Amino acid sequence: MKTFKGYRRANGSIGVRNHIIVINTVGELAGLTKKLANLVPGVIPVVHQAGQSQYPEDSAQTIKTLAGTAGHANVSAALFLGMGSNDPADEIVETLKKDGHHVHSILFDKDKSIIECLDEGRTWLENALEQSKKQKTEKADVSELIIGLECGGSDAWSGITANPSIGVFSDSIVADGGTSILAETTEAVGAEHILANRAVNSEVADRFLEIVRRYEQRAKAVGENIKAANPSPGNKTGGLTTLEEKSLGCIKKGGNSTLMEVIDYAYSPTKKGFVFMDTPGYDVESVVGLVAGGAQIVLFSTGKGSPTGSPIAPVIKIGTNPKLYKNMPEHIDVNAGKIIDQNYTIDQIGEEIYSKVMQVANGEVTASEKYNNQEFSIWRLAETQ
Amino acid sequence: MNKKFNALQLDKRDNVAVVLETVRFGQLISVQDEMKNVNASTTIPYGHKVALVFIPKGEEVIKYGECMGIATADIAIGDHVHVSNVRGLTEKDKRFRKEEINFENI
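Here the protein sequences line up with chains H and R, keeping their order.
Using my numbering, the first residue of the first sequence is number 857, and each one after it goes up by one.
Using my numbering, the first residue of the second sequence is number 7, and each one after it goes up by one.
Hints were generated in silico from the structure; no laboratory data involved.
Quantities reported herein were computed from a predicted structural model and do not represent experimental measurements.
Worth double-checking, as some hints may not be accurate.
[Stated by the list, open to error] Straight line, CA to CA, 30 Å or less: simulated DSBU-like cross-link-like pairs of lysine-lysine:
#  : chain 1 : residue 1 : chain 2 : residue 2
1  : H       : LYS1212   : R       : LYS10
2  : R       : LYS10     : H       : LYS1092
3  : R       : LYS42     : H       : LYS1092
4  : H       : LYS989    : H       : LYS920
5  : H       : LYS890    : H       : LYS989
6  : R       : LYS18     : H       : LYS1092
7  : R       : LYS42     : H       : LYS1076
8  : H       : LYS1179   : R       : LYS63
9  : H       : LYS995    : H       : LYS1179
10 : R       : LYS98     : H       : LYS1076
11 : R       : LYS42     : H       : LYS1194
12 : H       : LYS1226   : H       : LYS861
13 : R       : LYS98     : H       : LYS1179
14 : R       : LYS10     : H       : LYS1194
15 : H       : LYS1127   : R       : LYS100
16 : H       : LYS1092   : H       : LYS858
17 : H       : LYS1076   : H       : LYS1128
18 : H       : LYS1076   : H       : LYS858
19 : H       : LYS1194   : R       : LYS18
20 : R       : LYS100    : H       : LYS954
21 : H       : LYS1182   : R       : LYS10
22 : H       : LYS1212   : R       : LYS18
23 : R       : LYS63     : H       : LYS1160
24 : H       : LYS1182   : H       : LYS1226
25 : H       : LYS920    : H       : LYS1127
26 : R       : LYS10     : H       : LYS1179
27 : R       : LYS100    : H       : LYS1128
28 : R       : LYS100    : H       : LYS1083
29 : R       : LYS100    : H       : LYS1092
30 : R       : LYS18     : H       : LYS1128
31 : H       : LYS968    : H       : LYS954
32 : H       : LYS1076   : R       : LYS100
33 : R       : LYS10     : H       : LYS1083
34 : R       : LYS18     : H       : LYS858
35 : R       : LYS98     : H       : LYS1083
36 : R       : LYS18     : H       : LYS1083
[Stated by the list, open to error] Some chain R residues judged to face chain H by a derived CB distance under 7 Å, without partners named:
#  : residue
37 : VAL24
38 : LEU26
39 : THR48
40 : VAL59
All residues carry an ideal CB built from backbone N, CA and C; glycine is no exception.
Just need the whole structure built from these sequences, with the hints factored in.
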């Protein structure tokens, strides 16, 4: 039985980190959020530009993402910075408090000086940091882990080395009772029938086909035909022949397990096993959605060395080729390029990924954590008002 | 593990393998975990596919254990498998496949 030591939260979830974060509800407060985090070493700023002048669907998505981030199992305490009377900070905080989370909000308005607000924030964060140091870890089973699966800065090797190895890992953790979330709806276009075939029932299959269709339509509305544009001339030079082949190279991160559920952006899985989240192809927005949905760790394959991290979840970088590992080893946690030049098998790299996941769940720092790569951006669906 | 290989079959069901280094005409391609050795019938750049068996025109090309396209010409063992002899699936091909889904077996 595989186990790890994590932080048990009041709502029953278990974190692999014990972060204190400060997070803004509206883009106007991005600068002050960073400033406040700098006043208390150890506090992580979660900064974004969304939240203001949004149409209802984006408003809802922003609130869902912020709540999922602040209420994440890897977060010990979260301070919201909001602005004005219609700010959602108080409402998010009230909801999270009911679930037992340690959260607080400060609203900037004309009644208080910025210095006063920052002082209040600093005091709250210092206390939260002290309390977090007293929290003890406890033993937990691997079945409590949710792992996000992502790729970014892909190359011709992604679908040959790293992604199939992640697929081997995904099948293993699913067999051990855990959960893996595949994402990036855009990458599934062309191979949607294959994942639909693996769905546990016709409702899940239909739901999956529906989100792929919706994605294609959204792309068409801005003049992009995903099917006609892929595989690109560059893809073909790299050896990809058809759109199905390109999509397969991406979706094989999810191995061969049964698709149990399809969830919306930033929503949490309600089933264990292999699930799919509707996210865009942009790696930062996709990782943010996966983590807001509860992924404690994200696996991220890259051929070009995309340094994307997360403010609150360890991101494990899996390099696809030997050259990348030679040139930027400090950004790579697992070198799947060994399949190409050192005769390793996909199964062996899959096992290596599983070992790395357990080490990281037990506190080992990943490359993206070491370099404080804390990208955060929320998927936008519509224009700004 | 001790044996040196220069191609990878991503799934046991595949009728193609991916070459891990560029191979020239006549060069031996040894596939990982397989007794199979084939000779390249042409230059095949690294990352591209080689046919492991004869694939007749109209047959499915299988990679990752899934259908990734349809052969548009007869493909001999050792041939480079790419855009000149494979096409993607049409909606009709896929509809046909969708009808094969049998949820009662799950």
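Checked hints:
| no. | hint | verdict |
| --- | --- | --- |
| 1 | H:LYS1212 <-> R:LYS10 | holds, 27 Å |
| 2 | R:LYS10 <-> H:LYS1092 | holds, 27 Å |
| 3 | R:LYS42 <-> H:LYS1092 | holds, 26 Å |
| 4 | H:LYS989 <-> H:LYS920 | holds, 28 Å |
| 5 | H:LYS890 <-> H:LYS989 | holds, 22 Å |
| 6 | R:LYS18 <-> H:LYS1092 | holds, 24 Å |
| 7 | R:LYS42 <-> H:LYS1076 | violated, 45 Å |
| 8 | H:LYS1179 <-> R:LYS63 | violated, 38 Å |
| 9 | H:LYS995 <-> H:LYS1179 | violated, 39 Å |
| 10 | R:LYS98 <-> H:LYS1076 | holds, 21 Å |
| 11 | R:LYS42 <-> H:LYS1194 | holds, 22 Å |
| 12 | H:LYS1226 <-> H:LYS861 | holds, 20 Å |
| 13 | R:LYS98 <-> H:LYS1179 | violated, 41 Å |
| 14 | R:LYS10 <-> H:LYS1194 | holds, 13 Å |
| 15 | H:LYS1127 <-> R:LYS100 | holds, 28 Å |
| 16 | H:LYS1092 <-> H:LYS858 | violated, 41 Å |
| 17 | H:LYS1076 <-> H:LYS1128 | violated, 34 Å |
| 18 | H:LYS1076 <-> H:LYS858 | violated, 46 Å |
| 19 | H:LYS1194 <-> R:LYS18 | holds, 21 Å |
| 20 | R:LYS100 <-> H:LYS954 | violated, 48 Å |
| 21 | H:LYS1182 <-> R:LYS10 | holds, 21 Å |
| 22 | H:LYS1212 <-> R:LYS18 | holds, 27 Å |
| 23 | R:LYS63 <-> H:LYS1160 | violated, 37 Å |
| 24 | H:LYS1182 <-> H:LYS1226 | holds, 19 Å |
| 25 | H:LYS920 <-> H:LYS1127 | holds, 19 Å |
| 26 | R:LYS10 <-> H:LYS1179 | holds, 20 Å |
| 27 | R:LYS100 <-> H:LYS1128 | holds, 29 Å |
| 28 | R:LYS100 <-> H:LYS1083 | holds, 14 Å |
| 29 | R:LYS100 <-> H:LYS1092 | holds, 22 Å |
| 30 | R:LYS18 <-> H:LYS1128 | holds, 28 Å |
| 31 | H:LYS968 <-> H:LYS954 | holds, 28 Å |
| 32 | H:LYS1076 <-> R:LYS100 | holds, 21 Å |
| 33 | R:LYS10 <-> H:LYS1083 | violated, 38 Å |
| 34 | R:LYS18 <-> H:LYS858 | holds, 29 Å |
| 35 | R:LYS98 <-> H:LYS1083 | holds, 15 Å |
| 36 | R:LYS18 <-> H:LYS1083 | holds, 28 Å |
| 37 | VAL24 | holds, 5 Å |
| 38 | LEU26 | holds, 5 Å |
| 39 | THR48 | violated, 14 Å |
| 40 | VAL59 | violated, 17 Å |
The structure shown violates the earlier hints numbered 7, 8, 9, 13, 16, 17, 18, 20, 23, 33, 39 and 40.
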